[in-house]
Amino acid sequence: MKKLLLSFLSVIFLTVSVQAKTVKSEFADIIRDSGINKDSIAISIRDSKSGKVVFTLNDKIMMNPASVQKVLTIPAAVQTLGEDYKFNTELYTRGEDSYLLKLSGDPYLRYSDLKNLTKAVKIDTKNIYIDDSILDSKVWGEGWQWDDDMNKLMPRFGAYNLDKNLIKLNIIPSENGKFAQIVNPSKYPLVFMNNVTTSNKTSLDVKRESMIAENVISLKGTVARQTTVYIPSNNIKRYFEIELTRALGENKVYLKNPFAVKKYSSSDVLVNSIERDLSVAVKDILHSSNNMAAETVFKLAGGKYTGEAGSDKSAIKMFNDFCSKNNLDSSVIRITDGSGVSKNNLVTADFVSEYLYRFKELPAMEYLPKPGEGTLNQRMLPLKDNLRAKTGTLADISSLAGYLKTKKGNEYTFCILQNDVKLSSSDKKTLEDYIIREAYLKL
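The sequence shown begins at 9 in this note's numbering and counts up one residue at a time.
By construction, these hints were calculated from the structure, which means they are not laboratory data.
Check before you lean on any hint, since a few could be wrong.
To be verified - Capping the alpha-carbon separation at 30 Å, the derived lysine-lysine pairs in DSBU-like fashion look like this:
| # | residue 1 | residue 2 |
| --- | --- | --- |
| 1 | Lys-127 | Lys-195 |
| 2 | Lys-291 | Lys-321 |
| 3 | Lys-245 | Lys-264 |
| 4 | Lys-32 | Lys-437 |
| 5 | Lys-46 | Lys-94 |
| 6 | Lys-130 | Lys-94 |
| 7 | Lys-127 | Lys-176 |
| 8 | Lys-312 | Lys-270 |
| 9 | Lys-378 | Lys-260 |
| 10 | Lys-271 | Lys-130 |
| 11 | Lys-60 | Lys-333 |
| 12 | Lys-271 | Lys-46 |
| 13 | Lys-32 | Lys-291 |
| 14 | Lys-46 | Lys-60 |
| 15 | Lys-130 | Lys-186 |
| 16 | Lys-146 | Lys-245 |
| 17 | Lys-260 | Lys-130 |
| 18 | Lys-270 | Lys-215 |
| 19 | Lys-291 | Lys-130 |
| 20 | Lys-134 | Lys-160 |
| 21 | Lys-134 | Lys-195 |
| 22 | Lys-312 | Lys-60 |
| 23 | Lys-176 | Lys-228 |
| 24 | Lys-260 | Lys-32 |
| 25 | Lys-60 | Lys-368 |
| 26 | Lys-32 | Lys-368 |
| 27 | Lys-68 | Lys-270 |
| 28 | Lys-160 | Lys-450 |
| 29 | Lys-245 | Lys-130 |
| 30 | Lys-392 | Lys-368 |
| 31 | Lys-228 | Lys-271 |
Since this is a predicted model, take the numbers as computed values, not measurements.
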């Protein structure tokens, strides 16, 4: 792979001599030189105008797509929800001394939003009811890995989304060699096993001690300056209720009764709301691969489609029916979540490239990043105006799919899936870049 990387860097986008080799043999040489197991990579490239396949390798073999899956689930979800869809978190009055907070699952809701919402609540209020019926109570996807519990890129999600479902901790150094101080600005109850000392460098290890209790967090290492770390909330409903209580308190409202779950009634009267455009989430999902937003949007679309609480089941039905209505057979793949985090997802490169071909006109596809943007921030920069693509990364998995306009002016959809345990993530991505470079120059 080092040989490949050096070759790539030395000849990138220089004029190449005309060779007798076919594009197929060029790709074969690239793959062979990379050192990847040829059975661990799948490629499909097709003309984006005619749909004709121009190159394939293992294109019918099912592989895990990682976040490339978002390019399948999110355009379908947007079509179902509608481009003008908004996340509306609404506050209603119910009678003279009660209110109802209707949740939307807004993945961008913040504590400041709760504070603004509750400004409309009267001081003598007795009850605040919460309608959380928009999404089911399942907060993690099927096949998500237990050891990702502390991964802030894969937090729990649901109707009670707030502050990215992350708890902020401040680690404050003291005197050299002595214990640092851990500050939890929220009121969410956490117990700390503090083994962080003050030093001239910062190196921290943070984990949840679930064998003791789920709210026990151990921290060890050293800290040189004040450092902020984020802990995924293990109970998003509890965190939401604690922060809602804090927001009410700042507005001088102290409830006599605990929160209760009740559904919205047509007799409730709207008094305040926070709304956000769906486009904010779509760009974040396809540009920056936001998993929590992807899962929320996918489930919301499923809920709207089936007329019930959004769930994995309803979202998958929505997706399969969307494909069926457009004469695309989704029975050849397996979708279990909206983000691609699950190890149970399986797709084929052929399906992805055909999906991209069939739905290239969908507005959501315009949110795919170009080189220099989002997850392509440092990749394939010379192709900036000729490439839009979604990346995918999980342990032992790397993928890339999107749209390419070549040097000759031809346009293609493509998908590259790599499920290889030998190559490093950076080597797999270099291989993807090299394949796209050759396609740009030769097709």
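Against the structure shown, which of the earlier numbered hints fail to hold, in ascending order? 5, 9, 12, 13, 15, 18, 19, 20, 22, 24, 27, 28, 31
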